[in-house]
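Chains as they are written, first to last, in my numbering: chain H, 1 to 519; chain W, 520 to 819.
Please note: incorrect hints may appear among the correct ones.
No farther apart than 35 Å at their CA atoms in a straight line, the calculated lysine-lysine pairs in the DSBU-like style are these [what the hints assert, rightly or not]:
id, chain 1, residue 1, chain 2, residue 2
1, H, LYS112, W, LYS611
2, W, LYS755, W, LYS611
3, H, LYS480, W, LYS652
4, W, LYS755, H, LYS478
5, H, LYS136, W, LYS751
6, H, LYS477, W, LYS548
7, H, LYS261, H, LYS417
8, W, LYS764, H, LYS243
9, W, LYS548, H, LYS478
10, W, LYS752, H, LYS247
11, H, LYS112, W, LYS527
12, H, LYS132, W, LYS548
13, H, LYS247, W, LYS764
14, H, LYS112, W, LYS752
15, H, LYS243, H, LYS82
16, H, LYS480, W, LYS666
17, W, LYS751, H, LYS112
18, H, LYS478, W, LYS666
19, W, LYS652, H, LYS112
What the hints contain is simulated information worked out from the structure, not anything from laboratory work.
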Amino acid sequence: MARLYEFQSKALLRGGGVPVPEGAVASSPAEARAIAEKLGRPVVLKIQVWVTGRAGLGGIQFADTPAEAEEKAARLLGMKVKNFVVDKILVEEKLAVEFEYFAGIVMDDAAKRPLLVFSSVGGTGVEDIVRKHPDKVVRRTIDVRTGLREFEARNMVLRSGISGPALLQISDLLTKLASVARVYDARSVEVNPLVRTVDGRILAADCHLVVDDYAVYRHPDLGIEIAREFDRPPTELERVAYKAEEKDYRGTFYFLQMAEKAEEGRTLIGFHGAGGGGSMMSMDAVQSRGFTVANYCDTSGNPPASKVYRAAKVILSQPGIKGYFASGSGVASQEQYNSARGLVKAFAEENLAIPAVIRLGGNFEEEAIQILGTYLQDLPGRVEAFGRDDPPEACAARLADLVAEGGGISHEVRPMKEPLIQTSAYSFATLTGRISIDHSQCLHCESKGCISACAPRILKVDEDGRPVLAISEPEAKKGKCTECLACELYCRFHEKQAVTIELPIPGLKEYRDGIAGKS
Amino acid sequence: MSIFVDGKTRVLIQGITGREGVVRAQLMKDYGTNVLAGVTPGRGGREVYGIPVFDSVEQARDRVGEIDASVIFVPAALVKNAALEALAAGVKLLVIVPDRVPIYDVLEIAAAAEEAEARFVGPNTLGLLSPGKAVLGMIGGRAQRAKEWFQPGPVGVSSRSGGMTSAIAYYLSRAGLGLSTIVHVGGDSIVGSSHPEVMELFEKDPETRAVAMFGEIGTTQEERVADLIEQKKFTKPLVAFIGGKAAKSGTRFSHAGAIVDGNRGSYESKVGRLREVGVHVVEAAADIPARIAEILGSKA
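Could you put the whole structure together from the sequences, leaning on the hints where they help?
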């Protein structure tokens, strides 16, 4: 995750020359004891979670001896705080603090520069403190091309009312803090408190650094597993979704779980948006219609059908949803038939039993609506498609009607089935999957509609009258096959079932088996 | 008139040979945008949809003459270099389409643009469109759609969401209200031309008589528009919708953010500030056309 823990943030500061307390991270009471022994003085133990106000929660403890450190570590590890289970604690030298300050760097969207904030008062409840003492707070934007220069930092600290040796130590620390932020692409970094000890040292006693999600690729050394900001550890299904998306740069698939159960008197549904603004507006519409969204999902940026398919499969891995609502802005620039085909493949595989309202307005919406209407009419659940002239509020109302008409049945998450593919089938790899064509069935097919349905036109009939690639296999794998899914849908609904497209979603099978095992 | 672009704007496409570049070059050219050249380093000498491709922006400029605007479609990791290249060649308007551009790269582009007295729209933008004149980016997807959906007229649109830029513009056109320019300012937290900067351009554009704005929770853009109105730097009628009312008001982790922005960024702050200065804030985006019609009707 792009938010780093305190111990990780401090390691980066230390590397950048910013003084931090001596210490190390522990995952067991014995490790905590060993660290305390090595430090050879009283220690502080701090739970490593993304929650502010840890002291008030009992998450910060002091120990005078290694034995006490071990005992307190045993109490802290395994502690539950909000959505976190504590599995790491930071064990550090206990500081004799004389003064507490505050320092932070955030992005200033008006100035289009990083903004450094320093306050000569800091500590717990810093927002209230600075409201009472606005004269203690100084700020300045940083020119990214020069970085923060020492004299700029010094002038700033002077304005906050600090002089003497601390002035130089703090300005030096701030320039280094700004360069750590820069080197690690930090969207924000915060040191609260920054302390002066009785023996005159200036140290970052706490630190939280958030790496820009978009720059995580530049920092493989940070070991960030999911480059998305969460205010809690990601769920298992969110991990599956992220892995499915990670290496496919065609469009975006974003998935966040929001609720496992509907609130009192409301109905739980799966939500599938397209584009941030349209998704947000559509969520507002369903929520004001009495629905609780199990998840937030956004497939946008002109994603291929395969990506929309994977998103739908992930959404439909949430048990208990009673409806499926897909809606974006209403006038999308992306080719909407891709979204339609992705949904058709997913819904057909699931044999969807709950109602779905799909609002796919925009570029090629007529084709999109026709695809949904033609291919999904035989499902047990009713699927209705709408376009740009149908506002999200009306579509949300329609879903409410359909849920009521259908008696409010819940979606059942079933184990994933492996598709049956003849080992003799003709097959080739695509960017993220594999297409197999059972040629024994093609002999009886007259239309060869898969070839004309193929959007990028990469199929042809060979001398024996069977559909094969018109381009080389490496070309298909590199992305010439756009995974539009049109060949499979055509064959499945108009001809035989000769074409099978496998689009693996690593981890989803195990996830679903887990759910099926529980119920 | 229009803002940012008109039918004469001389346009370059960087990354013209890529997956999106090819498709959107066709959209822009078919729509009537004055696209003169494309650039993909290493692919000079080719043509894409009749547009000559060069190895660098400077080379393109030397061959086809001054470039007013560049639309950038290169992969996110290469955006900074492409943008700096265009600025160095004297291009005064960049439209940066890709998303996932690292924030420090955007800050560097912003610093270079400020120095060059140039503007940029995006990153993470669908671009902008002036009906009947030009489209920069990918609004509409295909030229035929863009021509059908967006009619010329007196209303400006500025939106934080790409899809909603098109949606609001389409609903306005359907209601018989045409558009001067529609701008997707981009979905990221730091963008080159944010709502207030777009409002200042609309203020100066004689053709624009009213503006529709789609805002979202996060950033201080909408609050800064309210500041502009208060300072009388934006005086035209403004109808706004703010998305994200139902979004959980997420735990605020950043003290620094809270110290700097206070409550700014929240739904309540945006709607409150805008209403305070007389902006018409509507509860559903679909209500925008009726409200604009009312305003323009009473002023006609």
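Going through the hints against the structure:
| no. | hint | verdict |
| --- | --- | --- |
| 1 | H:LYS112 <-> W:LYS611 | holds, 18 Å |
| 2 | W:LYS755 <-> W:LYS611 | holds, 26 Å |
| 3 | H:LYS480 <-> W:LYS652 | holds, 33 Å |
| 4 | W:LYS755 <-> H:LYS478 | violated, 51 Å |
| 5 | H:LYS136 <-> W:LYS751 | holds, 32 Å |
| 6 | H:LYS477 <-> W:LYS548 | holds, 30 Å |
| 7 | H:LYS261 <-> H:LYS417 | holds, 27 Å |
| 8 | W:LYS764 <-> H:LYS243 | holds, 30 Å |
| 9 | W:LYS548 <-> H:LYS478 | holds, 28 Å |
| 10 | W:LYS752 <-> H:LYS247 | violated, 46 Å |
| 11 | H:LYS112 <-> W:LYS527 | holds, 30 Å |
| 12 | H:LYS132 <-> W:LYS548 | violated, 58 Å |
| 13 | H:LYS247 <-> W:LYS764 | holds, 33 Å |
| 14 | H:LYS112 <-> W:LYS752 | holds, 21 Å |
| 15 | H:LYS243 <-> H:LYS82 | holds, 25 Å |
| 16 | H:LYS480 <-> W:LYS666 | holds, 29 Å |
| 17 | W:LYS751 <-> H:LYS112 | holds, 23 Å |
| 18 | H:LYS478 <-> W:LYS666 | holds, 34 Å |
| 19 | W:LYS652 <-> H:LYS112 | holds, 30 Å |
Hint violations for this structure: numbers 4, 10, 12, all remaining hints satisfied.
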